[in-house]
Amino acid sequence: MTETAVYLQPAFILQHRKYRETSLIIDVLTRDFGRLSLVAKGVKKSKSKTAGVLQPFIPLLISYLGKAELKTLTDVEIAQPLMQLRGLAFYCGFYVNELISRFLHKYDPHPEVFADYHECLSRLSIGSDIEAALRIFELNLMDHIGYGLQLEYDVNGASINPSKHYAFNVRHGFVEAADGYFSGKVLLAIKSRAFTDPLVLSEAKMLMRTVIDTHLQGKPLKSRTVINKISSTLKNE
Amino acid sequence: MQKNGLLGQLIQSLCCLPGVGPKTAQRMAFQLLQHNRNGARLLAETLLRAIDEIGYCRECRTLTEDSLCGICADNSRDSSLICIVENPADVWIIDQAAVFKGRYFVLHGRLSPLDGIGPDELGLDILEQRLATGSVNELILATSSTVEGEATAYFIGELAGKYHVQASRIAHGVPMGGELEFIDSGTLSHAFNGRKQI
Numbered sequence: 001m002t003e004t005a006v007y008l009q010p011a012f013i014l015q016h017r018k019y020r021e022t023s024l025i026i027d028v029l030t031r032d033f034g035r036l037s038l039v040a041k042g043v044k045k046s047k048s049k050t051a052g053v054l055q056p057f058i059p060l061l062i063s064y065l066g067k068a069e070l071k072t073l074t075d076v077e078i079a080q081p082l083m084q085l086r087g088l089a090f091y092c093g094f095y096v097n098e099l100i101s102r103f104l105h106k107y108d109p110h111p112e113v114f115a116d117y118h119e120c121l122s123r124l125s126i127g128s129d130i131e132a133a134l135r136i137f138e139l140n141l142m143d144h145i146g147y148g149l150q151l152e153y154d155v156n157g158a159s160i161n162p163s164k165h166y167a168f169n170v171r172h173g174f175v176e177a178a179d180g181y182f183s184g185k186v187l188l189a190i191k192s193r194a195f196t197d198p199l200v201l202s203e204a205k206m207l208m209r210t211v212i213d214t215h216l217q218g219k220p221l222k223s224r225t226v227i228n229k230i231s232s233t234l235k236n237e
Numbered sequence: 001m002q003k004n005g006l007l008g009q010l011i012q013s014l015c016c017l018p019g020v021g022p023k024t025a026q027r028m029a030f031q032l033l034q035h036n037r038n039g040a041r042l043l044a045e046t047l048l049r050a051i052d053e054i055g056y057c058r059e060c061r062t063l064t065e066d067s068l069c070g071i072c073a074d075n076s077r078d079s080s081l082i083c084i085v086e087n088p089a090d091v092w093i094i095d096q097a098a099v100f101k102g103r104y105f106v107l108h109g110r111l112s113p114l115d116g117i118g119p120d121e122l123g124l125d126i127l128e129q130r131l132a133t134g135s136v137n138e139l140i141l142a143t144s145s146t147v148e149g150e151a152t153a154y155f156i157g158e159l160a161g162k163y164h165v166q167a168s169r170i171a172h173g174v175p176m177g178g179e180l181e182f183i184d185s186g187t188l189s190h191a192f193n194g195r196k197q198i
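Residue numbers (the working numbering), protein chains in the order written: chain A, 1 to 237; chain B, 1 to 198.
Some clues are possibly wrong.
When the alpha-carbon atoms are kept at most 30 Å apart in a straight line, the in silico DSS-like pairs for lysine-lysine are as follows [claimed, not checked]:
1. K41(A) / K71(A)
2. K44(A) / K162(B)
3. K18(A) / K23(B)
4. K101(B) / K222(A)
5. K229(A) / K162(B)
6. K162(B) / K101(B)
7. K162(B) / K235(A)
No wet-lab data here; the hints were simulated from the structure.
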């Protein structure tokens with residue numbers, strides 16, 4: 001492989017883990033080169049200036065180079081002021097990171113996912129509509145990677161009727177059924193990403209959970225388990 | 001280098017220590033065998049005893065060979081003030097700085113949803129029971145200044161709020177003797193957000 005050098009690429013850190021004494025291996029989502037792993041050498045030394053910057057949820061500009069699969073981080077700058085994630089939104093940020101790590105293949109560029117991710121983090125940092133922010137991100141992610149849902153038509157190609165109910169099958173789509181869980185009205189609202197109604201939000205959550213779990217083929221999302229545990233501990237008073 | 005046999009096995013085993021590679025391990029093994037057999041025996045015996053006897057303190061979960069560690073057993077320390085740290089090593093560091101006269105609670109990690117580490121893995125149920133008894137007045141959160149550290153601090157802060165216990169986070173920002181010129185932008189923005197009135 002020839003040596004690649006990339007300069008000031010917009011990126012977010014998804015996850016980092018220790019490597020040797022003072023280094024980190026970071027998983028990053030870049031705008032133009034997709035998800036990849038980099039080694040950040042010597043960043044955990046006491047005089048390192050980059051350790052404070054190499055954190056998830058900060059819009060960064062990174063430079064890296066290398067010949068092999070694992071490239072070396074050479075420079076990092078903050079692209080924008082920090083987005084402060086608070087409380088539950090903070091944990092949801094980890095969930096979004098895990099979704100990206102699980103669904104995007106390495107070196108598969110998806111600039112639109114990058115933009116959606118940035119958008120999602122901004123919404124999470126405002127903190128008022130966490131659920132809506134997550135659902136929009138999930139729906140868009142599925143669309144971009146080819147698992148998009150057909151929310152306008154049922155399996156037979158007929159338009160979704162707002163006054164009818166539908167059952168859902170991940171492989172095929174929506175089937176009209178009197179006792180179906182999803183109402184046509186809700187499906188159309190999800191299609192237009194209108195998440196103001198709590199009913200739409202709760203049905204969208206069920207829908208996306210089914211879709212995501214099917215595509216993950218039985219491997220549970222670790223962050224979801226932890227977030228459920230966290231919120232249940234904090235709630236039971 | 002002899003790879004097989006007891007000598008090879010010893011060198012290999014020494015490599016499990018942090019910062020010790022094959023070369024250093026080789027030096028250590030030869031030093032112990034050639035010049036310091038008594039030291040080696042003492043090391044081996046102490047190591048075995050330490051592995052067998054050292055466990056977690058039942059109150060603060062730090063490493064100790066007793067059921068209650070020296071700090072928790074010390075009655076002159078303020079038991080209503082608890083400092084939460086990630087590792088037993090942090091207890092030593094804070095104790096050496098001699099700024100804190102309360103007790104500790106060691107998490108042995110931090111909340112990391114991506115690695116599946118949740119409140120239960122950190123022994124937070126033990127902490128919660130202690131908060132519930134009402135004997136604690138303040139928690140000082142000395143987790144590291146990373147996202148996981150913040151996530152942990154936030155969760156414990158909420159937990160403290162549930163039991164009406166005051167919780168505070170140690171300050172981060174410009175180090176002592178540090179000049180602004182040499183500080184990274186992340187730390188600097190943190191320092192600005194956490195500024196103090198004078």
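Hints versus structure:
With a CA separation close to 11 Å, the supplied pair K41(A) and K71(A) stays within the 30 Å bound. A distance of roughly 35 Å separates the Cα atoms of K44(A) and K162(B); the hinted pair therefore is violated under the 30 Å criterion. Straight-line distance between C-alpha atoms of K18(A) and K23(B) comes to about 22 Å, which keeps the hinted pair within the 30 Å bound. With a C-alpha separation of about 38 Å, the suggested pair K101(B) and K222(A) falls outside the 30 Å cut-off, and the hint is violated.
Distance hint between K229(A) and K162(B) is fulfilled; the C-alpha atoms sit about 16 Å from each other, no more than 30 Å. For the given pair, K162(B) sits about 25 Å from K101(B) by alpha-carbon distance, which is consistent with the 30 Å threshold. Taking the CA atoms of K162(B) and K235(A), the gap is about 9 Å. The hint holds against a cut of 30 Å.
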